[in-house]
Amino acid sequence: MATADPIISVRGLRTQFGTQVIHDNLDLDVRAGEVLGVVGGSGTGKSVLLRTIIGLNPKRAGTISVFGEDTGRLSEEELRRLQSRWGVLFQAGALFSSLTVAENIQVPFREHADLPPALMGELTGLKIELAGLPADAGGKFPSELSGGMRKRAGLARALALDPEILFLDEPTAGLDPIGASAFDQLIRSLQQSLGLTVFMVTHDLDSLATICDRIAVVVDKRIKVGTMAELLQDDHPWIREYFHGPRGRAARHSDD
Amino acid sequence: MAAGWFETTRAGEDVILRAGGSWTLPASRSLDSALRQLSVAGARQVLFDLAEVEAVDTAGAWLIKRTRLDLAAAGIDAVVRGAKQRQQALLERIDQVGALPPLAPHPSFSLIDLVAGVGEGTFHALGQARDLLNFFGAVLIAIARVALWPRRIRFTSFVNNIQLHGLNAMPIVGVLLFLVGIVVAYQGVGQLSRFGAQIYTVDLVGISVLREMGVLISSIVIAGRSGSAFTAQIGTMQVNEEIDAIRTMGLDPLEVLVLPRILALMVALPLLTFFANIMAILGGAFMATLTIDVTFAQFLSLLNQAVTLTHFWVGMVKAPVFALIIAMVGCFEGMRVRGSAESVGRLTTQAVVEALFLVIVVDAFFSILFSFLGI
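Here the protein sequences line up with chains A and B, keeping their order. The opening position of the first sequence corresponds to residue 1 in our numbering, with each subsequent residue numbered one higher. The opening position of the second sequence corresponds to residue 257 in our numbering, with each subsequent residue numbered one higher.
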């Protein structure tokens, strides 16, 4: 599935808040069509990395290329075009609270696509269905939805424009184990049928074991990437602790 | 990549729909209308030949699926062939989607809705008034409880609130009231000099500021500055479940959060009003010395003759009442926040509007009361 050219390529990235350095000289390649899980201890900057790649956080040094284009060198116009090729699901869904779910999904349609109203309605219903929401969810407001449904609605909105890359920030955090594993399967099946590349920040070892092709571990302000099998052999103390701890073992065994 | 296109050819009872280009979102508008006009009358089967399609996304796959559904409804078979392996997965996924339910229609507007809206709004306002009254009662009970056990007063919070909402408001209130004094004096000189009575500007400034302007304008500033802050602070705590945390610790949010704010404002606003009165009179004096022929000392002695202590107290007595209204409405709306951050914003606005409304209504009541009492 993977092609030679990485779809996202980060080189020498440095981010810092004030004097606190989060990432230093960080390199990362994401291959087209893979599910990459990003893990790391709390405060190591997983979400910061995601936010930096999608341009919400300034970087101090380094380059970030997405689809082969250096995001730092693009004009506003080009950046907007690039942004319509990726979708982002924020931790709590980040739905616009004054709009219904259907209207939330239609925001990207209205901004980036020129659609007749009937077709827009159909596509909205389609995204709601694809995200595994009940059909009547479209008319509801975010405050009327449960946490899991809010994430699905956020996913439906992220998928509105058929992005090539999907960024997920802790998609299964706050879901019960059944809901979390259903969400994992949903992401996997969407990834396969829509041909997505998924960049997923997660704490969930089960997600890592079941749906991630490769895992990127943020340690010591850098990143180590590998498959689960490779990282199990790694002798970095944090990585050993993470994958060989009781929770890590349990997740691996449930996968067998 | 070429935009999506298709053409149809007939072969006996079969229609072959040859598709090509990229069937993606940008092309969907033209494909949508063309597919809706597809005429296959008399055909038995329609063959979708996707061999030349370069790319498909969900929009394109949906258009194919919808056309097939429409054909099936007309009793015509539809077969899809030639899709590339990559596209096949998507087509199959979309194929699993059943007929989509219609989205909830946009609400239409009618005269009945208008009348119903007025009724609903009236009941809402009455319910709101009842809730506010309930809250007032709960606050009074809390005050009584604290009065019985004075050790339960949150002294630190109380003092902190006096600083935030009294001391820190002094610059803005001072500047504003100084300017108000100038404006009143200017208007007074302009009008009264037509009767040669410009010297009564001193009376005008003194009486209007002490009785009304000082306390009213301070209250307006404080409603905007502190009432809104109370709602936002307590509302944010409500969203963060901090209020629930306070309750589970066996504490009363009224005692912990509401009382210190209300009591602090009831202390701060009278003090601010006193300060505001001084500043407004200074502003009036400043303008008077510039426009009419009085010195500052003369202004003060004229003022001394013009105003009595009654005028001063008429204004001052209103200050704690207004403070109670502003702080209570602010805290009340904060406690009513539910769910999302959006409601914090909405209720903050509502708190300021309600507080100003009530302040002016009560001010009018005071005027009526004082006129009956002949003060």
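Hints are computed from structural coordinates only; laboratory data are not their basis. Just so you know, even glycine gets a beta-carbon here, dropped at the ideal spot from N, CA and C. Some hints could be false.
[What the hints assert, rightly or not] Where chain B lies over chain A, by a calculated footprint (3+ residues, C-beta under 8 Å):
1. 66–75
2. 112–123
3. 126–132
[What the hints assert, rightly or not] What follows is a set of in silico ranges between Cβ atoms, one per label pair, in the way DEER data are often shown:
4. B:SER286 to A:GLU144: 32 to 40 Å
5. B:PHE542 to A:PHE17: 48 to 56 Å
6. B:LEU423 to A:PHE17: 40 to 48 Å
Taking the hints in turn, this is what the structure says about them:
Counting residues of the stretch 66–75 of chain A whose CB lies closer than 8 Å to any CB of chain B gives 0, so the stated coverage by that chain is violated, three being the minimum. Restraint check on the stretch 112–123 of chain A versus chain B: 9 residues with Cβ-Cβ distances below 8 Å, three needed, restraint holds. Here's how the stretch 126–132 of chain A fares: 4 of its residues keep a CB closer than 8 Å to some CB of chain B, so the rule of at least three is met and the hint holds. Taking the beta carbon of each, B:SER286 and A:GLU144 are about 37 Å apart, inside 32 to 40 Å as hinted.
At about 50 Å, the CB distance of B:PHE542 to A:PHE17 agrees with the hint of 48 to 56 Å. Separation of B:LEU423 from A:PHE17 is about 33 Å and departs from the stated range, judged on CB atoms against 40 to 48 Å.
Checked against the numbered hints listed earlier, the structure breaks hints 1, 6; every other hint is satisfied.
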